[in-house]
Structure formats: structure tokens, C-alpha cells
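Enquirer: Listed here are the chains, written in short residue letters.
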Amino acid sequence: MIALLALHGVVGVVLVALGGRLGRRGAWLAALVPAATVAWLAGQLGPVLDGRAVTSHVRWLPGLGVDLDLRLDGLAALLLVLVSGIGVAVFAYAARYLPAEGPGVGRLVGLLLLFSGAMVGLVLADDLLVLYGFWELTSVTSFLLIGNDHRKAEARAAALHALLVTGAGALAMLGGFLLLGHEAGTYRISAIVASPPTGPVVGVALALILLGAFTKSAQYPFHSWLPGAMVAPTPVSAYLHSATMVKAGVYLIARLSPAFAADVSWWRPVVVSVGLVTMLGGGLRALRQHDLKVLLAHSTVSQLGFLVAVFGIGTPAAVAAGSTLLLAHGAFKATGFLVVGIVDHQTGTRDLRCIPRLDRTWAPTLVAGTVAAASMAGIPLTLGFVAKESVLEAFLHAGPGPWALAVGGVVAGSALTAAYSARFAWGLSGRGATAPFDVVPAAVRPAPGFVAPAAVLAAATVLLGVVPGVADRLVGAHLAVWHGANAALGLSAVAIASGAALFVLRRRVGRALATGRNLPDGGRAYVGALRGLNVLADRVTAIAQPGSLPIYAGVILLTAAVLPLWALTTGASWPGLPRWVETPAHVPVAIVLVGAALAASVVRRRFSAALFLGVAGYAMAALFVVQGAPDLALTQVAIETLSTVLFVLVLRRLPDRFGWAGGAAAGSGDPADGTTPHDSRMTGRQRALRVGVAVAVAGSVFVLALVMAAPEHPTPTTEQVVARAEPDGHGRNVVNVILVDFRGFDTLGEIFVLASAAIGTVALARAGRRPGTASSPSAASTAAATGPPGRGGDGEPGDRTAPAIRLGRLVTLDVSVRVVFAAVMVGSVYLLFAGHNQPGGGFVGGILAGAAVALRYVAGGIGDVRRLSRARPWTVLGAGLVTSVGTAVAPLLLGDPVLSSAYRKVDLPVLGSVSLSSAAIFDIGVYLVVLGLALMVFESFGDDPVDEAFEPPVSPTGEVPVGADPIDVVGATALGQQAPS
Amino acid sequence: MSVLLAATAAALFGIGTYLVLQRKLSRVIVGVGLMGHGANVLLITAGRRGRSPIIGSSDPSGFADPVPQALALTAIVISFGVTALLLALAYRSWLLTHDDEIADDAEDREVARHGHRDAELVDAAAVEPVDPEGDPTPGEGTP
Numbered sequence: 000m001i002a003l004l005a006l007h008g009v010v011g012v013v014l015v016a017l018g019g020r021l022g023r024r025g026a027w028l029a030a031l032v033p034a035a036t037v038a039w040l041a042g043q044l045g046p047v048l049d050g051r052a053v054t055s056h057v058r059w060l061p062g063l064g065v066d067l068d069l070r071l072d073g074l075a076a077l078l079l080v081l082v083s084g085i086g087v088a089v090f091a092y093a094a095r096y097l098p099a100e101g102p103g104v105g106r107l108v109g110l111l112l113l114f115s116g117a118m119v120g121l122v123l124a125d126d127l128l129v130l131y132g133f134w135e136l137t138s139v140t141s142f143l144l145i146g147n148d149h150r151k152a153e154a155r156a157a158a159l160h161a162l163l164v165t166g167a168g169a170l171a172m173l174g175g176f177l178l179l180g181h182e183a184g185t186y187r188i189s190a191i192v193a194s195p196p197t198g199p200v201v202g203v204a205l206a207l208i209l210l211g212a213f214t215k216s217a218q219y220p221f222h223s224w225l226p227g228a229m230v231a232p233t234p235v236s237a238y239l240h241s242a243t244m245v246k247a248g249v250y251l252i253a254r255l256s257p258a259f260a261a262d263v264s265w266w267r268p269v270v271v272s273v274g275l276v277t278m279l280g281g282g283l284r285a286l287r288q289h290d291l292k293v294l295l296a297h298s299t300v301s302q303l304g305f306l307v308a309v310f311g312i313g314t315p316a317a318v319a320a321g322s323t324l325l326l327a328h329g330a331f332k333a334t335g336f337l338v339v340g341i342v343d344h345q346t347g348t349r350d351l352r353c354i355p356r357l358d359r360t361w362a363p364t365l366v367a368g369t370v371a372a373a374s375m376a377g378i379p380l381t382l383g384f385v386a387k388e389s390v391l392e393a394f395l396h397a398g399p400g401p402w403a404l405a406v407g408g409v410v411a412g413s414a415l416t417a418a419y420s421a422r423f424a425w426g427l428s429g430r431g432a433t434a435p436f437d438v439v440p441a442a443v444r445p446a447p448g449f450v451a452p453a454a455v456l457a458a459a460t461v462l463l464g465v466v467p468g469v470a471d472r473l474v475g476a477h478l479a480v481w482h483g484a485n486a487a488l489g490l491s492a493v494a495i496a497s498g499a500a501l502f503v504l505r506r507r508v509g510r511a512l513a514t515g516r517n518l519p520d521g522g523r524a525y526v527g528a529l530r531g532l533n534v535l536a537d538r539v540t541a542i543a544q545p546g547s548l549p550i551y552a553g554v555i556l557l558t559a560a561v562l563p564l565w566a567l568t569t570g571a572s573w574p575g576l577p578r579w580v581e582t583p584a585h586v587p588v589a590i591v592l593v594g595a596a597l598a599a600s601v602v603r604r605r606f607s608a609a610l611f612l613g614v615a616g617y618a619m620a621a622l623f624v625v626q627g628a629p630d631l632a633l634t635q636v637a638i639e640t641l642s643t644v645l646f647v648l649v650l651r652r653l654p655d656r657f658g659w660a661g662g663a664a665a666g667s668g669d670p671a672d673g674t675t676p677h678d679s680r681m682t683g684r685q686r687a688l689r690v691g692v693a694v695a696v697a698g699s700v701f702v703l704a705l706v707m708a709a710p711e712h713p714t715p716t717t718e719q720v721v722a723r724a725e726p727d728g729h730g731r732n733v734v735n736v737i738l739v740d741f742r743g744f745d746t747l748g749e750i751f752v753l754a755s756a757a758i759g760t761v762a763l764a765r766a767g768r769r770p771g772t773a774s775s776p777s778a779a780s781t782a783a784a785t786g787p788p789g790r791g792g793d794g795e796p797g798d799r800t801a802p803a804i805r806l807g808r809l810v811t812l813d814v815s816v817r818v819v820f821a822a823v824m825v826g827s828v829y830l831l832f833a834g835h836n837q838p839g840g841g842f843v844g845g846i847l848a849g850a851a852v853a854l855r856y857v858a859g860g861i862g863d864v865r866r867l868s869r870a871r872p873w874t875v876l877g878a879g880l881v882t883s884v885g886t887a888v889a890p891l892l893l894g895d896p897v898l899s900s901a902y903r904k905v906d907l908p909v910l911g912s913v914s915l916s917s918a919a920i921f922d923i924g925v926y927l928v929v930l931g932l933a934l935m936v937f938e939s940f941g942d943d944p945v946d947e948a949f950e951p952p953v954s955p956t957g958e959v960p961v962g963a964d965p966i967d968v969v970g971a972t973a974l975g976q977q978a979p980s
Numbered sequence: 000m001s002v003l004l005a006a007t008a009a010a011l012f013g014i015g016t017y018l019v020l021q022r023k024l025s026r027v028i029v030g031v032g033l034m035g036h037g038a039n040v041l042l043i044t045a046g047r048r049g050r051s052p053i054i055g056s057s058d059p060s061g062f063a064d065p066v067p068q069a070l071a072l073t074a075i076v077i078s079f080g081v082t083a084l085l086l087a088l089a090y091r092s093w094l095l096t097h098d099d100e101i102a103d104d105a106e107d108r109e110v111a112r113h114g115h116r117d118a119e120l121v122d123a124a125a126v127e128p129v130d131p132e133g134d135p136t137p138g139e140g141t142p
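Read top to bottom, the protein sequences are chains A and B.
Each residue of the first sequence is one higher than the one before, starting from 0 at the first, in numbering that gives the first Met the number 0.
Each residue of the second sequence is one higher than the one before, starting from 0 at the first, in numbering that gives the first Met the number 0.
None of these hints come from the bench; they were simulated from the model.
Using N, Cα and C, we set each Cβ at its ideal position, and we do this for glycine too.
Careful: at least some of the hints might be erroneous.
To be verified - Cβ-to-Cβ under 10 Å is the rule here; a few derived chain A residues that face chain B:
{"#": "1", "residue": "V13"}
{"#": "2", "residue": "V15"}
{"#": "3", "residue": "R530"}
{"#": "4", "residue": "T582"}
{"#": "5", "residue": "S642"}
{"#": "6", "residue": "A697"}
{"#": "7", "residue": "A708"}
Just chain A, same shape as in the assembly (with noise of 0.2 Å):
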């Protein structure tokens, strides 16, 4: 059984795959799978009709108690016959059916081909989740094909109309089947079906699984997702929505029904209602209709309440009955759809008022059209005459007193039908035309071969119905034509008898019918949910994303304020204040950085405020000193440096005063405004919020910081880290030996975060500029003779003209920047490999790196430091990362965990002995992954003004004129006002 489930797999995603080559041959290789399964079929009917079931278990997700569990029993039997045999049909149809070639034509035959793969599943499967999965597949499957031509707007609406309803229904069978599981205490269909449990949580279980069979099968009020399924081409409605698809909710009832109709008091009167309500809407929906295809659909819709109310009575004999029945229907139903397929396919019509007269040579389509709407109406000698009295009997038998009204509903239903079965059949032979056609000439005649599944289903159809018994054993009692003049036989006259009148009253019940047009249906609640949650989404998007970052930062500053405040009054308890102060040396250290930080906020131009932020790393810088940090220290000087060079990069680009925007000439601010160097169009009310805001995060953050007070001893992890460092880490720094070694792994996390920034900084300052600006020597010349003078030809080692120009302005500090560049390279080398040992390490020595190429840009620009080396920023950035990586996982080869370090000692020529340990070579790419990332960042901003294809015309600062040459000015001016902090 998995091995069939396989082939329709395989095959299936083989066509979906090759589509568009084989395009609708494909059918021929599709058809072959459900062959193959009736064949397999063929080979287990005898056992399994003895009442020995064939059973396949596959482990599947044992931790989760769901198995592959797989079973074919008589009621998996008859609907593989019909699932498979009817897909054989169909599948030969749609390889005359479907144009040739096309874009989607194979897609949908492979996609039919899964989704005939999902009905098997669908019926074998034997574990409520494992029917669920099948369940489910059949509706995504199901949305493709009917959107399969996704350029129709009707085919999107329709698809997604049938992918919500029965989506919906099946969310909630499958809260249904959890529940019932969870009190049955298997998942196991046959298990659960042979003791079923009782209790009130069975009884909204089986509510939400009915609800998922109802959606499905099209129930009332569910019912109008079907008929705009037709949308579909032909194959697909005959086969999704007529014989299988739709049969998945029946085939669930007729499961559940005999195991909970009689226990559970309300399964029968709401199963039975339901499906009879919806068994006389279809049907007088069907009366109306024009189109012959929708019709059919309604008609559907009909006989799948029919389906319903037979099975919902849950005895035996009306467990045969409507086995009987889902065969009938499956034959009759996929041969109308096919004959209605042809006659559109031939003469490019399925409205009964355009069908013209087809003359005799269209005898094998017509015959098999009638046979088919016979079968529907119940006229004797087609297996829909034997299922109808065999329904009538399980009906008659039910009971007493409200199931006299059961009957009467069965009755009108099959009056209806056989009304809209007469309709159809007369539409189809062109006698509904309303003006006079020709008859159609030969040429459009259908080909033998195109005709034949139709007639096939067709002659299977009064077989049965001539020598029902035949299929005895398939439904499970004994059928035959003439069981005597009993009760049934005379209600089925009374339905066919009513039906002909309907028919031949026909102008008079379509008149009656128009005024019934406007009643609610389904249809209009689907659109009107829509549209709903369509404002809903509005009206939430309007207050949840309201499109403003300040308000967004304060939800979630504020949030981030309130919350753990909130779990501290409730799960903490005060501890006292600590220590007013903590060391003298505190108190200069907070007076600069709260100094420095308000100076931040108020001052009024870009690059003021930038300084002070620095001002407040240094004074970072010395409280690490103070509190016995001296990495932390370095790290924090080398990063400031590094990060006002970068703030004057990008701050040199941007208007020397918060207030400019859009033209406004800088320092237009109004005097009188001095007090309030805030951006002018902020309102009081605004300011407020914001400083409210600040406060209650400053105060959650205060009450933080008290209640976490440090301990006074060093914590048991602390001891075990210094105790360790040595021994394990083979490092004396214990910061470092923690960084490379004990949390290595967040340090490798951590660098890959400085690349992604590292790229993403490049990305968005390069993008859009013209191609090969940068890279390219002949671009970069050519901007160089384009533009203004300027440094633009720095970047090709053959144009030494522009240096020259520029060593001939400023050769002292040329000189002496690559003297001190030489020692600060040197100096941050020896910062990482000292620093498992000594203050130092890979990140710091990365970042003085980085400084040291500040300077150099300082002096010579970018120019300057693209000439430092041949490796690219990137390629640097990449070889650190790799070097990191491949330390990390190298170990995995040997067999030992991520990131395990190994040791030697080595003695080398110069340096003595030297202790080499893996985590040695993990700084390394630290340090390469943060030398890069400097890298990245001069390569992202700079680039002379010159150079960029998006210059404004002029400089909005009006202080730097374009084409001179900012950078010495400002980065000077900027270096010059840090170096005395």
C-alpha cells in the first residue's frame, strides 16, 4: 500500500516536473497508476470482502505516537474502486480532452495524478492524523487545479472560495479528531470505530469532525464553494468534485456513523436533516440552471445530501444502501460530466439554450448522457434504480414517528431529481435550443476514443443495474432489481412520477423558482466574511502598524520598562539600598558620562553630537579601568576612535544642524528657538510623550540596577572560570580564555553578526551606484576625467598623477602616518596573540587594526588604503570568518565535540617557546572578521563626494565646497577635538 502511494507520488511530481513537454500525452503515463491500483485492488478483494482486512504499519513519528498505519477494508475497497477506476476514465478522457500543448496542461494532469495519490491515502489510511495529512492534501491539490489557469480572476476566487471552506472545516476536524483520540486513547480508525468512547467531549469531537465532513461534501450551508469550482476543465470537476473529492466527508460519515449513530442522541436527527435540506436545495438550484456543467453541480450538491442522510442513519442496511448509492453516483455523475465535456468541447457550448441538435452520429455520447441522467433519476434498470430502493428500504425501516418526515424529504429530493435528471437530459439533446441550429456538421463529431470512458462508466452503469448482484459483496447486501411491490418500489413512482411533472411544468417552476433567487445563501456569506475580515485587517493594520518608527521604539521601550518592573514587584523582594558610592573614582566618571550624554541631546549639529558620544565611550573607557577591565578598556578606546572617524565619514554627507531639511539653508534655526534645539515641527504634547517615555525606562532601569546589586563574592561560576582558565583554556587572560574558549561559541555567533552588518553597511551605501565605480580601473579612471579633480583615480595602481599631487600637499604627514601605521599594525598583532595571555586579544587587536587604517585614510584617503593590500575588504572579512569556522568544526573530524580546543607547545627560532592552541588560530579569524569590517566601512562611505552617482549639486552644508576635499578638513578637525580625551 505505501508502495502505491509512492508510485502516485513519483509520478505525479515526475509530470508536474516534465509538464510542459509532454504536455497532455502525460494523461496516457498518469492513467497507468490507477490501472495498476485496480489491478492490486483486484488481487486483495477476495480476502478482504471475507471481512479480513489488509493492514500496513509504518513507524513514522514515534515520538509523537503517529504511525503510517494503512488499512483496506470493504469501505476502502468500494471507494478505491471508484477513486481508481474512475480515474482510469478519466484520465484516458482528459488525454483527448485537454488541449495539446499549453502552459499548464501538464501541471494538471500531474497535479490530478496527486491528488488522486491523496484520495488512496485518504481512504486507506487508518490513523486520524495520517487521514487528516491525506485530507488535507486533497484540498491544497484541489486549489491548484481548479486555479490552475491562475490568469482568470474566476478560477483565483473560486480556488481560494474551496481552499477556505473546506480548509476551515478540516482546522476544526481536526480539533475533532484530537479530542477524540485523546479520549479514545488511540488514533487508530478501526480501534476507535470497534469501541467507540463515550462522554460530552465525544460528542464536541464528532461536532467538529462533522463539521469537516459537511464543508467538504459540500453540505448546506456550505455547499457554494462547488458549484464555482467548475471553473475547472471537465476532467477535474468529473473527477475532484462528483466522484471522490467531495465523497471524502460522505466516506468520514459512513466511517464514524455506525459506531455513534446510535449512542450519541442527536447524531442521527442533525446528520440526516442536514444532508436532507441540502439534498432539496441542490436539487432546486439544479432546476434552474442553464449551463449544463453547473447543473451538474447542483446536482452534485443534491445527491451528496442524498449521501449524507443515508449514511447519518448508521445501520447496516443503510451503511449498504448508501454504498450502493456512492457507486451509483460515482458512475452516473463522472459519465454526465464527461458527455457534457465532449458536447463543449465540440461545439463550443454547455448551455442547454445554445446546444444545437446533434444528428445520429452523436448516438454513443447521447445514449451514455441519457443512460447517466436515468441512473440519476432512478429509473429501473440502472444501478441508480436498485441504490434509490435500496435507500427507500433503509429509510422505511429507520423508525417511527419523525422519520415518516425523513421519508417524505427522501421522496421530494428524488422528485427533484428526477426533474433536474429529465432537464438535463433533454438540454443535452438540443431540444432546449432557443433559436433554430444547424445541425452540426461531421467534422466536430467526437472521436471514438474521446466517447468511450463516458460509454464505458455508462455500460457499468445498466450492467448493475440489470445484475446488481454482482456487487454484493462490495456494499455488503444483497441487491436486486425486483424486490415485489412493496412500499419502496411504490414511492420511487410517486418520485419519478412527480419529477415528470416538474419537468413538464417547467416554465411555471422556473417562474417560481426566480423569486427564491434572492434568499441568503452561502455565497454571499462567503463573499461578506471576506470583505470583513478584509476592513478587520484594515482597522488592525491602522492601529498596530501605523507606519511611525518613534511610535514603534516607544511601544517597545516602554514594554521593555514596564514588564520587568512589573515582575519585580511581584517576585522580588526590595534588598536595600547598596553603597552611595562605591569608589571616589566613580564620581568623575559618571559627572562625564551623564555630562556628555545630555550634552549629546541638546547640542544642535550633527557633528557636536557625535563627539560627545564619544566623549562618553573614554569616560566608559576609564570606568573599565577603574573596575579592573583592562581589555575592556582597550577595546572601548580603539572602538571610539574607530567610530567618530566613521560618524565624521557619514556626518560630512549630512546637514550641520538637526533642523535642515529639504533645501532649508543650514542654521536657518529661529534665535528665539535656542532654548529648544529640537526638530521644530515636534509639538509639546509630542515632547512630553517622548519625555515620559524616557523617564520610565531610565526608572525601570534604576530599580534594575539596585535590585541586581552585585554580589560582594565572587560567584561559584567565576571561581570555576579563573580556577580553569589555565588548565583548560591555556590562557592566563581569563576574559580572553572565555571569549575563544568557554562562550566560543557565542563569540562565532558574534562575528557572523558583524559580518551581516559588515555587508549590509556595504550594501545600502553602495547600492545604486553606477556599476563598477569602485572595482573597476577603466570606470574608475573614466570618473576621474569626467569629474571634478579630485582623487577619483586613486584606486588604479597605473595612474600615480593624482598621488603625486596629493604627497606633494602634505608629505610630512604622509610620511610620518605610515611610520606610525607600521608600529600600530605591528602593535595590534601583537595585542592578538598576547591576548590569550595579557590584555589583548583578537577583538581588540581587530579594532586597532582598523584605527591604524583610519589613520592612513586620514592621510591619503581611500585611495590609500585600497593600496594597503591586494585582498578586497570582503575577501578579508570572508578569510576571518572561514578561519573561525573552520577551527570551530575542524575538531568534528577527529570526533570531538564544536569548538574543542587542542594545545601545543612549539619552540620557534626567535620567540622562544611558544604555546600554540586552537583558540590561537580562532582569534585569529576574529581579528580578521573585525580588520575587515573597518575595511568595509571605509569602502562603504569612503569614496570622495566626487565619485557618487547621487551628488547633489551642491553641498547642503555650504561649508565644503564640491570637489575639494572634505575629509582632510573634517577628519583632522574631528581627531584633533578627541585626542585631549
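For chain A, the structure is supplied; the task is to place chain B on it using the hints.
Expert: Chain B only, in chain A's frame:
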């Protein structure tokens, strides 16, 4: 931890928050930087103050707590990456608008004002009326 440093961290967070809530991206960046400093103050004071945690330099019992230091080191370097990225955003904003103002998202405002018709709703409306038989005269031709 002392009251002084707790207050310092709180002040850094408060001022940073105020700046982050502004509309000029450069102010937001400065604000993020200040909040980063505040976080580092909290981190570093969460551990004991002491001598540099370098084995062999002094008695380990007098060491400063190295664990928060490692956390703070990571935080410092990450905030540099964040600053670089935010500055790139400001730079990009300047390239496109010659300013670093963060305006409201125009499309979001539009949805809030007028709503947005989703494609599936357009499809569904195009297929309406759901009633498939549009012909008001139900009578047919003569048989």
C-alpha cells in the same frame, strides 16, 4: 553596584530613549550608542570590581569578575557593528532624500486612512453575482 552608577546607567538609558524616539536618524544613532553605554555600565557593575583577571598577575581572590567583562566586550563590538549599519542607513537616506529624517511610512498611513483592497477580494467581487444563472427569464424554448 552603587547608587551612583545605577543612577548613571539610568540616566544613559533615559537620554538614549529620548534620542531614539526622535525622527532624525543621526539622533537615533547617538541614542542607541548611549543606551549601549548604559547597558555596559549595568553589565560591568553586575560583577565584582577588582584587579585585572590575569592569572599570575595577582592573587585570584582579588580578581574582578571576568564573566561580565566578556559579555561587555561582546556588547561593545556588536554595538560598533550596529552603529556602522545605522550610519549606512543614514547615508542611504541622505543619498535618496538629502536628509536623514525618518518619515512615516506612506503606505501604512494610506491603509489606515482608506483601507486596502486585497487581490483575493477583487477576484471574488469580479466573479459576483454568485448566483450563476444571470438570466431573469427562466422560461426556455419549446421542446
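Enquirer: Enumerate the violated hints, using their earlier numbering and listing them in ascending order.
Expert: 1 and 2
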